[in-house]
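Visitor: One letter stands for each residue in the lines below.
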Amino acid sequence: MMGCGCNDCEEMMQPYLDGVLTDEQVREAKGHLERCPPCDKRFRFELHLRHFVRVAVDEDMPPGLRQKLSSLRST
Amino acid sequence: MTEPTSAEARRLAEVARDRVRFEEEALELSDQVYRVARRLVGSREEAEDLMQDAYARAFRSWQQYQPGTNLRAWLLRILTNLNIDRGRRVQRSPDLQPLEEGDYYLYNRLESTIGDENPDEERVLDRLSQNSIVEALAEVPHDFRDVVVLVDIGEFSYAEAAQILDIPVGTVMSRLHRGRRILKQILADKAVA
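Protein sequence lines, in the order shown, are assigned to chains R and D.
Residue 39 in our numbering sits at position 39 of the first sequence, and the numbers go up by one each step.
Residue 17 in our numbering sits at position 17 of the second sequence, and the numbers go up by one each step.
Treat the hints with care, as some may be off.
Label-pair distances were calculated between CB atoms; the ranges are [what the hints assert, rightly or not]:
no.	chain 1	residue 1	chain 2	residue 2	range
1	R	Phe52	D	Glu117	48 to 58 angstroms
2	D	Arg19	R	Arg66	15 to 25 angstroms
3	R	Gln14	D	Gln64	33 to 43 angstroms
4	D	Glu135	R	Gln14	18 to 28 angstroms
5	R	Leu21	D	Glu45	38 to 48 angstroms
If you are wondering where the hints come from, they were derived from the structure by calculation, not from laboratory data.
C-beta atoms are modelled at their ideal positions from N, C-alpha and C, and glycine is treated no differently.
One chain only, chain R, in its complex shape (with noise of 0.2 angstroms):
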């Protein structure tokens, strides 16, 4: 690919993203984002990736199945 050819980048991606990482690995991944475009690229399209997938997704209650559980009621 032609990026930077940071493994490490590309596998610290999903736990940077998820914020489990300690604060030590947060400052090297930042400061490795600023100085690399092809990975900083590529971090922010996963980020909006995971927005467009939890929005594509979505899909509202059929109408009338909050009545159907509603009726499930013993009160």
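Dock chain D against the given chain R, drawing on the hints supplied.
Guide: Relative to the frame of chain R, chain D by itself:
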């Protein structure tokens, strides 16, 4: 037979009140629970069915819910258990071990379909349609999909997803990692086909 004491009557009234409150709160969350449920199964009908079974069971065993804990997670735990009980595991997805690509794979594949040397990431994302995402998610094998749906769609933490599915946190993390990669691989194949 003596009359119930007033203390006993008060206690019963309190339990009844708690029960009403529980049922109302559970119903309040039904939209959010449905959003997750819909992606755990293949069709809207299945999701509706599963929701009704889950709510019937939740209303029956309401006293097992500990007030103050995450009710949405508690409801989804019941729902995922029912889903697994339904014999879903029997018709396990074939043992396909998809060739696993890295996390940059989707971006690289999509970017290569754009003539530009260095396109914005928004333009790269535009290569994906809403439909392709819905379809791709449905194709991710169950075990991985459950975790991706809970964390990325339901926005549960690793620990909550682990509790809901009754698996260790480490397993949540490894399935999430693989599941997201599998999803991206399927998406890439659909977009570049």
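Visitor: Falls inside 48 to 58 angstroms, the C-beta gap from phenylalanine 52 of chain R to glutamate 117 of chain D?
Guide: For phenylalanine 52 of chain R and glutamate 117 of chain D the Cβ distance comes to about 24 angstroms; the hint is violated.
Visitor: Take the C-beta atom of leucine 21 of chain R and the C-beta atom of glutamate 45 of chain D, compute their distance, and say whether it sits inside 38 to 48 angstroms.
Guide: At 42 angstroms between Cβs, range holds.
Visitor: Starting from the range 15 to 25 angstroms, see whether the pair arginine 19 of chain D and arginine 66 of chain R falls in it by beta-carbon distance.
Guide: holds, 19 angstroms
Visitor: Per the hint of 18 to 28 angstroms, is the separation of the Cβ atoms of glutamate 135 of chain D and glutamine 14 of chain R within bounds?
Guide: Given about 23 angstroms between the Cβ atoms, the range holds.
Visitor: Quick check: does the Cβ-Cβ distance between glutamine 14 of chain R and glutamine 64 of chain D fall within 33 to 43 angstroms?
Guide: holds, 34 angstroms
Violated hints amount to a single one, hint 1; each of the other numbered hints is respected by the structure.
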